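Residues per chain, in single letters:
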Amino acid sequence: MSGIGTGYDLSVSTFSPDGRVFQTEYAQKAVDNSGTVVGLRCKDGVVLGCEKTIISKMLVEGSNRRTYAVDRHAGMAVGGVAADGRQIVNRASSEAQQYKSFYGDIIPGHVLAERTASYVHLFNLYWYLRPCGSAALIAVYDRDGPQLYLVEPSGTGHRFFGTAVGKGRTAAKNEIEKLKLEELTCRQGVLEIAKILHNVHDEEKPFEMELAWICDESNREFQRVPADMVTEANTKAKAAKDDSDMED
Amino acid sequence: MLARPTSHSSALGPGCAGPSLANPVSFDAPPKHQAQQPTSGAAPFMVEPSALAHQGGGEPTKRTQVPYVTGTSVLGVTYKDGVLIASDTLGSYGSTKRYKSVARLKKVNASTIIGAGGELSDFQYIMTLLDELTTDDYCMDDGVVLSPREIYNYMTRVMYNRRNKMDPLWNSLVICGFQDGKPFLGTVGMIGTHYTDEHVATGFGNMLARPLFRERHHPDMSEAEATKLLHDALRVCYYRDKNSINKFQMAKATAEGVTISEPFSLETNWEYKHFRDPTLNAVGAW
Amino acid sequence: MAHLRQHADEFEAELKQAVSLGTTIMAASFDGGVVLGADSRTSTGNYVANRVTDKLTPLCENVYVCRSGSAADTQNMAAYVQYYLQQHRMELDREVSVSVAANLAKQLVYNNKNMLQAGLIVAGFDKKEGGSVFALPLGGTLLQVPFAIGGSGSAYIYGFCDKFWRPNMSAEEAKKFVVQAVSHAMARDGSSGGCIRTVVITKDGVRRDFVPGSNVPQHYGELGAQYATAMA
Amino acid sequence: MFRNQYDTDVVTWSPQGRIHQIEYAMEAVKQGSASVGLKNKTHVVLATLKRAPSELSAYQRKVFKVDDHMGVAMSGLTSDGRSLCRYMRNECLNHRYVYESPMPTTRLVRQIADKAQVNTQRSWKRPYGVGLLTAGSDKTGPKLFYNCPSGNFYEYRAMAIGARSQAAKTYLERHFEAFDGCTVDELIRHALRALSASVTDGELTAANCTVALVGSDTPFVILEDDDLEPHVAAFKDQDDGADGGDAGEMAVDGQAAGAGEADDAAPMDT
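Chains as they are written, first to last, in this note's numbering: chain F, -9 to 238; chain H, 2 to 287; chain W, 578 to 809; chain S, -13 to 256.
This is chain F alone, in the form it adopts within the complex (with noise of 0.2 Å):
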């Protein structure tokens, strides 16, 4: 049932006849209607990616971030609505302080994952607020070894081998499926995402990638990908997709 025009998606206090809240399911667009973010976790860490259309020649290349560091062990990539997501990335990084400085350890990524959650979920509360238009993959990397979670506009978190949000999601989802996860790399990892985000670009509109990581290779510590392995990974991704479009 559609909730236009019946007075019942107007607010995220309003519950419809049939009990959804529309304006939840509204903010889940405004990331469902925009660039491509993937997450992947690999046998020896987690890889971030994001398609970030140019809107400007002018911008300077890497502007406009939607890869974040929460703390040395942790991070996130955002998806949606930038604005709305650097708020979440806040209020994440003061969790991982918070944490850090009351129990003097780091903090735990289900932990922070359900920290992040429930402050995203704090938004579908309120008639006075609005949910964030924007999900967050969160990737960390804690005793228990690497871990990836996405938090989404509703406050719901998982946690997942590999997952994506954004325009191009249902397509990247099937191609990631079809990875075997535990076997790969970080650095394969980087690959594979380059190749998922040339494959659901609309190739209309010049884009950047933004790729960040947290695995054995970074000292366990979240970081952009190294910019020579993001150029490698975007030359051999074109090339890919190149051929395959030259076979079809």
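Because the hints were derived from the structure by calculation, they are not lab data. These numbers come from a predicted model, not from an experiment. Treat the hints with caution; some may be incorrect.
Some residues of chain S that are not near chain F, with every Cβ distance over 10 Å (derived) [stated by the list, open to error]:
{"no.": "1", "residue": "I5"}
{"no.": "2", "residue": "N26"}
{"no.": "3", "residue": "L42"}
{"no.": "4", "residue": "D54"}
{"no.": "5", "residue": "R82"}
{"no.": "6", "residue": "T191"}
{"no.": "7", "residue": "T204"}
{"no.": "8", "residue": "D211"}
Some chain H residues well away from chain F (every beta-carbon gap over 10 Å; in silico) [stated by the list, open to error]:
{"no.": "9", "residue": "V67"}
{"no.": "10", "residue": "S102"}
{"no.": "11", "residue": "K108"}
{"no.": "12", "residue": "E133"}
{"no.": "13", "residue": "D142"}
{"no.": "14", "residue": "K166"}
{"no.": "15", "residue": "G182"}
{"no.": "16", "residue": "K183"}
{"no.": "17", "residue": "G190"}
{"no.": "18", "residue": "D233"}
{"no.": "19", "residue": "Y239"}
{"no.": "20", "residue": "D242"}
{"no.": "21", "residue": "K248"}
{"no.": "22", "residue": "A256"}
{"no.": "23", "residue": "K274"}
{"no.": "24", "residue": "F276"}
Chain H regions said to be covered by chain W (calculated; three or more residues, Cβ under 8 Å) [claimed, not checked]:
{"no.": "25", "region": "87 to 93"}
{"no.": "26", "region": "115 to 129"}
{"no.": "27", "region": "260 to 273"}
Idealized CB from N, CA, C, for every residue including glycine.
Following the hints, put chains H, W and S in place on chain F, whose structure we already have.
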């Protein structure tokens, strides 16, 4: 990563400067309308009200504590290509030499080291503040990193603001690093007193080590000369400071970055003839 | 009469003094765990308020604390840490690490250093680090150490511990080391006495033990049990 | 003018996943007269067109100094911009008090963006109706940022905002790759030429525009009237000279301006 004002909080950090959080998250209902606050710029420099709250009447509360577990002097000298600082690794409990493997020199970031004497719990607290700042720089990932001088200035504000709350952090700090192709060396006292110099020493070291520095230090010394000078100064401190042990660490900051040495000890000399036999010519006179 | 009342007043004053754990406490790590030990005397002034005190208090399943200082302060602090750790345990959904427990205790000591009289030793076992010991003296400095001693009696056994502690002891050796050390403190410190309690924490769990006052090792100038006159 | 039931407050998502109030706030930026910003390897230049509400009044100021190393130019509701500017000045002062060093531009700009975002998620607030071009020079070099009412911010090598800014933008897009090698005077001339493309009526004069400059060894300085006159004269000389073709081209761009503005980034777009 936290977009927050330049101070840690209005209650603790450098404190009295800094408005409320940059992006306060309030889920309360819409705020009640209030008369406009004056916008003259005076507000950020107001006295933190809670600092005065306990002074309701009668005796002023004394929060000036006594130190419990303490470290003694930290010494530092600049040289041609960088700066060296050193301290022993003792945590004293009164005059009990209680903890003998306490690292009192700590890395702050890629270009800065801090060394502390005084109350070690307060030093641990200072390190949590500095770790938060460094982690923030890491998270922002924008190429901006606090320089040694900025960390030094930050610490002067922290120490001075805590003393203004009658609750000082009981430390003397030495902050050193390498910045703009030059060594940086400065010291901050427990009430915010601070200065930079080509050689510094805190606590007892000011009496024991600095005379040596004044005689032998020159800014274009080699690393070997500077190390020798520091070793000699440490040795004197070990001889004449009762709360010291012969177990030291030395830290170095150069253009290549910062390193902190493993603990080491120094050879000492007790072999003067009159040490062995002081009463040779006058029994009972020593 | 007058001097009797004066006596009574002095006695009252003594009872009103803070109940304090003039104490010997210690903890030592060994291969695969930790052992904690303490005497059992609690005094108010010169009066022994409790001769069988338990100064080894659990903070959670796998972490214990040795308490010295004010009995009231340390009991309540332990209760607070227990509460925080239970919360933490629920959020974490797995074993609590010793360092976290120690850090929570540290927050309490450090942030209230002017209100509290508390010298603690936090020790326990977790899967990641094995056995660990944290010294938490007055003022709130938190230091991880291979072994720690505390309380008024500890002043008498620095030499003993420095000499006889070794890395990689077995559980039995470590326990013996602790009992010996505490008995030496009790032999010289009037504020320590009674029995010796020990707690050994390993991957297999917690094992408590108790050395009754009559079995505490005897030292120079003391008469052993074999010389004791039988109770009526 | 469209109307729908989803566009009257900032806490209502439309079924398409848009927030109309934010988009309307972004329109407010286009109501203000144009501002441009551009940089070379050492300096950043800001330039704005000023409007006067009446013949008898002074021109509305649109360029403000924040600190010695930073300043802003704004288009849209200048009163919103001034309150943001006051906040920025305060933050810079606090940073100087604590660290005795200039506030890094990137950090402050992000703080402003975070502040702007809060106004897009509370029912009792409205988004800022102003676009800010921030020019700063710190240890990471010269920086130019654009802060949007949506809470987004972007780092640019050159950018134009405000009414008819598409014309200026087109000029900048055509030339920005050469800016790195420009002298400061040339950079100012580029700024004036870009700005002149966005002039609505009359022509660019030293009276109706403001130029500001900041660089590694140049504290933020605002050039107006007499100080600006030589630069305006130089720019006019050059355009009246042999290089007349360029000016003609610009006029064409200027006419196309209105049509081109629709492709501005939507707030939720990457």
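Among all the numbered hints in the text so far, which are the ones the structure does not match? Hints 1, 12, 13, 25, 27 not satisfied by this model.
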